[in-house]
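So the sequences go chain by chain: H and B.
Using numbering that gives the first Met the number 0, you'd call the opening residue of the first sequence number 0 and step up by one each time.
Using numbering that gives the first Met the number 0, you'd call the opening residue of the second sequence number 0 and step up by one each time.
Hints should not be assumed to be uniformly reliable.
Each pair may be met inside one copy or between any two copies, as identical chains are not told apart.
[Said to hold, decoys possible] Calculated lysine to any residue pairs in the SDA-like style (CA-CA distance at most 25 Å, straight line): (1) Lys-82 / Ala-147; (2) Lys-74 / Arg-165; (3) Lys-74 / Ser-168; (4) Lys-95 / Arg-165; (5) Lys-82 / Arg-93.
I should point out that these hints are in silico values taken from the structure, not numbers from a laboratory.
Number of protein chains: 2
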Amino acid sequence: MIESVTLDDTIAIAVGAGILGTGGGGSTYLNRLRLNKELRSQGRAVSVIQADDVPDDALVCAVGGMGAPTVSNEKLQEGQEIKRAVLALEDHLRRKIYAIVIGEIGGGNALGPMITALQCGLPVVDGDSMGRAFPELQMDTFMIYGLAPAPFALADAHGNVAIFPRMGSAEQAEAFARSLTIEMGGSAGLVMPVMSGAEMKATIIRDTLSLAKRIGEAALDCRARSVEPAETVAALCNGEVIFTGKIVDVNRRTVEGFARGRLKISAFDDFNQQMEIDFQNENLIARVGDRALCTVPDLITLVSLEDGEAIGTESLRYGLRVAVLAMPAPKELKTPEALAVVGPRAFGYGVEFRPMAGDLL
Amino acid sequence: MIESVTLDDTIAIAVGAGILGTGGGGSTYLNRLRLNKELRSQGRAVSVIQADDVPDDALVCAVGGMGAPTVSNEKLQEGQEIKRAVLALEDHLRRKIYAIVIGEIGGGNALGPMITALQCGLPVVDGDSMGRAFPELQMDTFMIYGLAPAPFALADAHGNVAIFPRMGSAEQAEAFARSLTIEMGGSAGLVMPVMSGAEMKATIIRDTLSLAKRIGEAALDCRARSVEPAETVAALCNGEVIFTGKIVDVNRRTVEGFARGRLKISAFDDFNQQMEIDFQNENLIARVGDRALCTVPDLITLVSLEDGEAIGTESLRYGLRVAVLAMPAPKELKTPEALAVVGPRAFGYGVEFRPMAGDLL
């Protein structure tokens, strides 16, 4: 388990978080640059603590960027959005936050919370509430396992902050936060949920920051040895490579605050052998013909064949040579309560979830 | 000046507020029924105080319903929305509100704040920040004359509340509150702004609740004598009747949270002599041919010819026999600062504001 994150660690974490991001969670490249800058200017490492190090009665909050990755890649963050939201909630509650929790370990959202932690002088907890990335706020273990969505806060690049002190449901929070995020220009900083140490410990998926780093290190090691990393990474995550080929079609729109669409990959040796993948910020279902090979909540990630760098849904384009990794979801996402929220039917697909063997970690 | 509002007063205030509503501000009928019910259940009158009765350092807040009248007429309020928003702001600020201020005196929004005042056990101030109704949040004297838009609060029928503790501008507040109102189903309870007694006294338009009652009493008196009230009401407001006829065309859509459209009225004796009126919740500009007879911020209100009942833009329909009243705006809306926000150009019309003679009060 890691105890700190320094400049030497950010590339590995970024590569690993990209692979856990299933196409979403925002750009690891941008947030890595931002994290590096923050590490340099602060002159100290990010302090990482274990979930069980947090006292039951301490107050912690999960943070992340909200919006479509197609937007946040072009509309850069002002940089203090999430810190302002954290401070506004501390002010609202008249209580101090003890530690920052990673809302989603996939994509740039793995790195953003460490920037906030440095800015606020707080440690970050090794773990998250998805073990991957998901497009909507109700789709995390904090919400699935019954923590209160309110109070939560949203902040934009211009100093505007919204606090929601009373919220009927996580779905309601998602609807309000999404429309406000769109009004904020398509990306915003989110602090949600605020919870006690006891609540966090009962619902968090542990050690996923360490996992991201391990995955990244494995991929970087393959690169250094000029080996294609896909198989190594898949094995490390108890998963497999389910397709390799070239992207031959991308249909993507930024609608209702999401990057939605479908991509097609053709096998190198047979153009007609194709895999289709649907996405809503994140990859949701991978099909060959009528057969679903992998669906949410199991992880589907496209990586560049040569270097194992994950390809976000905002960066898909014709001609990329990719491997498609399928990895089993963490066990916390495969309970009946969880599948009701993050299973294929929750995304509108009329197929049963057929879990891959094993768990992510 | 009135000192209280009892069951005996609500019809007159509703009729008068309708006439000041310029087609918007929500249904006076619905809010009068709600106010009557609240007066009966509380067994006491609404206490009305003068603006100058409020201590400089007391905290007051303006309240109102936000959304399109086409929506709020069909999607009834739960009833405690605005009270919940007031309580949430008191809780957020750790301070008590001293009095409720009417955000807009036009339409049902004249009556709603009295319901909130009764529910909260607070007095209501005789005055408002528009002297009429306007569609957007930056269009009131509190915002025009520089009070801070934040903190403000929005609440829906399901117990959800949003507080905006930091907001760059009133236009920004309008954009965020509008998109959240749409997400809340097209109507919401608004508390904005929260201000000191001194700030309120420097910017409020005084005595408009008393004015609404006087207008309503005059119209009711005409009704009792079977006299068409239009001329009497217009004279009382220093205005005039600029057209009478029959509504022959209504084009209305509920878009972006507003009721927008255009209506045509034909003179009784000459179908080809027509007046066209554009509206965005409220009537904005009245034209005969290419000539603008009256524009914002001066007041344009359609009243039923027979009884002087104002016709909201949500209730316009073919065949209604109407008089069109034009009334001069209060002087606070005719300064250069105000015209930049509520003049015809602010609504996209390439015409100068040609003020009617005199002031509303």
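Hints and how they fare:
Both within a single protomer and between protomers do Lys-82 and Ala-147 lie at most 25 Å apart by alpha-carbon distance, with minima of 21 Å and 23 Å respectively. Proximity of Lys-74 to Arg-165 under the C-alpha cut-off of 25 Å is restricted to the inter-copy arrangement: shortest distance 21 Å between copies versus 30 Å within a copy. In this assembly of identical chains, the alpha carbons of Lys-74 and Ser-168 lie at most 25 Å apart only when taken from different copies (21 Å versus 30 Å within one copy). Within a single copy, Lys-95 and Arg-165 get their C-alpha atoms as close as 20 Å, and across copies as close as 19 Å, so both meet the 25 Å cut-off.
Proximity of Lys-82 and Arg-93 under a CA criterion of 25 Å is satisfied in both settings, with 16 Å inside one chain copy and 23 Å between copies.
Of the numbered hints listed earlier, not one is contradicted by the structure.
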